[in-house]
Amino acid sequence: MGKLSRDEIIKLAQLARLDLTDDEIAEYSAELSEILQYVEMLQSVDVTGLLPTNQVTGLTNVTRDDVIKDYGYATTDLLKNLPDVLDDHIKVKRMIG
Amino acid sequence: MAWDSIATIARKVQAGEITALDQVTAAFKTIEDKQEFSAIIATLEDRALERAKIIDDRIAKGEAVGRLAGVPFIAKDNFLVFGAETTAASNILRGFTAPYQATAIERLEAEGAICVAKANLDAFAHGSSTENSDFMVTKNPHDVTRVPGGSSGGSAAAVMLDMAPFALGTDTGGSIRLPASYCGAVGYKPTYGLVSRSGVVAMASSTDVIGPITKTVDDSALVLDVMSGLDDMDGTTIPAEAAGYIDLNGDLVGKKIGVVKEYMAEGIAPGVRERIEAAIEQLKAAGAVVSEVSLPSLPTALAVYYILCPAEVSSNLSRYDGQRYGHSYKDAKDLTESYKKSRSTGFGKEAKRRIMIGTYVLSSGYYDAYYKKAQTVRTKLINEFNDALSQVDFLLGPTAADVAFKIGENTDDPLKMYLTDILTVAANLVGVPSINIPVGSVDGLPVGLQLMAAQRQDRALLSIAKKVEELQI
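In the order they appear, the protein sequences are chains S and V.
Heads up: the first sequence is residues 1 to 97, going by my numbering.
Heads up: the second sequence is residues 1001 to 1473, going by my numbering.
Quick caveat, the hints were computed from the structure, so don't treat them as lab data.
It is possible that some hints are incorrect.
Just the calculated beta-carbon pair ranges, DEER-fashion [claimed, not checked]:
| no. | chain 1 | residue 1 | chain 2 | residue 2 | range |
| --- | --- | --- | --- | --- | --- |
| 1 | V | Ala1110 | S | Glu40 | 45 to 51 Å |
| 2 | S | Asp84 | V | Ala1060 | 45 to 51 Å |
| 3 | S | Asp46 | V | Gln1391 | 21 to 27 Å |
| 4 | S | Gln14 | V | Ala1243 | 49 to 55 Å |
| 5 | S | Ile68 | V | Ser1294 | 50 to 56 Å |
| 6 | S | Gln43 | V | Arg1273 | 30 to 36 Å |
| 7 | V | Lys1061 | S | Lys93 | 51 to 57 Å |
C-beta: ideal position from N, C-alpha, C; glycine also.
Construct the complete structure from the given sequences, taking the supplied hints into account.
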């Protein structure tokens, strides 16, 4: 832990599917390092015997019947937001090079 | 114009003394007159006027419309309102038309309320000032050189500028209470799960809640009463209390209020401290039993939050891939480049920053040290809150360490900006309800008192808040 290198920032950006400029890489390297330094305080907190929190309100196994409901919304309204449509399908760039 | 209480407006509209159309028209006039504050991203004139006419017609025919008949309101622009553009103040969602509607909006409109506009926010609710909006910076109603707080800054400013009697906000780490404090409004963050998040742009799902921003506690309580309760569309919802949240009838006498020692420590501005101490004295004089309580892990809450929140943000924002909706980069040669270019050109600086932090703390080799450790310290915090709330009924402290800061003052230092949430994030991590109540001002800038209660004690919290409001501190 500590300061994040240029290579680490580039690797993270790749994982997050972000293309960063050189300026952004330099900026995030400095800023992320500072933020990570701040959260470092947690390393010294004694949590002996405690489990990580998964949820806070104590709900268990929330299920509902798997039935189709008509909410009155139209498929055409959904399709209107698509950047690229072909015969009511989502059109994307090729996946295999 | 200043608005009547929400209940009064609805009663008068239902009785035919005033019309829904006049209410909506008045809202639009104020929104237009006060454009200089940049509180509003878009108005929904056609939709609102049509709904107002339908409501007035129904009333003319003698039909009962609902408990919010003809009451205009403003939604933060991360709520999906059917047929309206929903941007979350981000370039990546610019042009996105909501194909369905948030449950909260649905329930309010079913009672006759009318959404008139969408309010500005920090893009994707990432921020404490609205300066992270990809579109514009909202100005504080009390001083245009200062921020309104964030991320629900447009909502809080709109209410204080009388654009509508109430506005909706979301609160992930303080985003309702902080702007309410900076603008002098009542801001209510309910128990986690009390209001469905279906149809609201997700930020950090383990702490996101929806709540009202209003001028009075009664108004917030009525809006909560309408919005709250189980929803099939959000599996994290919990039932509303049987007694509901209206007709509040609390009493201060004998109520045990714990002043959180860590909240009154170093770093609280002298003027804020003076107002909070004055409030404590008045509560004592009114019969409350005030003591000091300690939550020793509280100083770690912000560090926990700034691991968990970016982790959840990086996950929730992965759906913005440029393929199904929102901004899409056109000239990519393959799918991976389309993802990368769409996201890089669509997301603003803060969204990218949080995605990067979140990706880091969740990445292989760092997960245990950051994410798991933070979730375990969160357990410690929850235990301390449970202990404290077994001794006292309510916890008290300031909402913000200082009054509203100057526009631009913190923009170059993300960590300093994050620190403005230091007093509010714990309630989100623990899932307890929390409210901001205005308690006077320092040099014309509002100061807010924060009260918290145990989970599912929203009615008790609102009841005591109303009593605090009546003291006119």
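Let me make sure I understand: some of the numbered hints might not hold for this structure. Which ones are they, in numerical order? none
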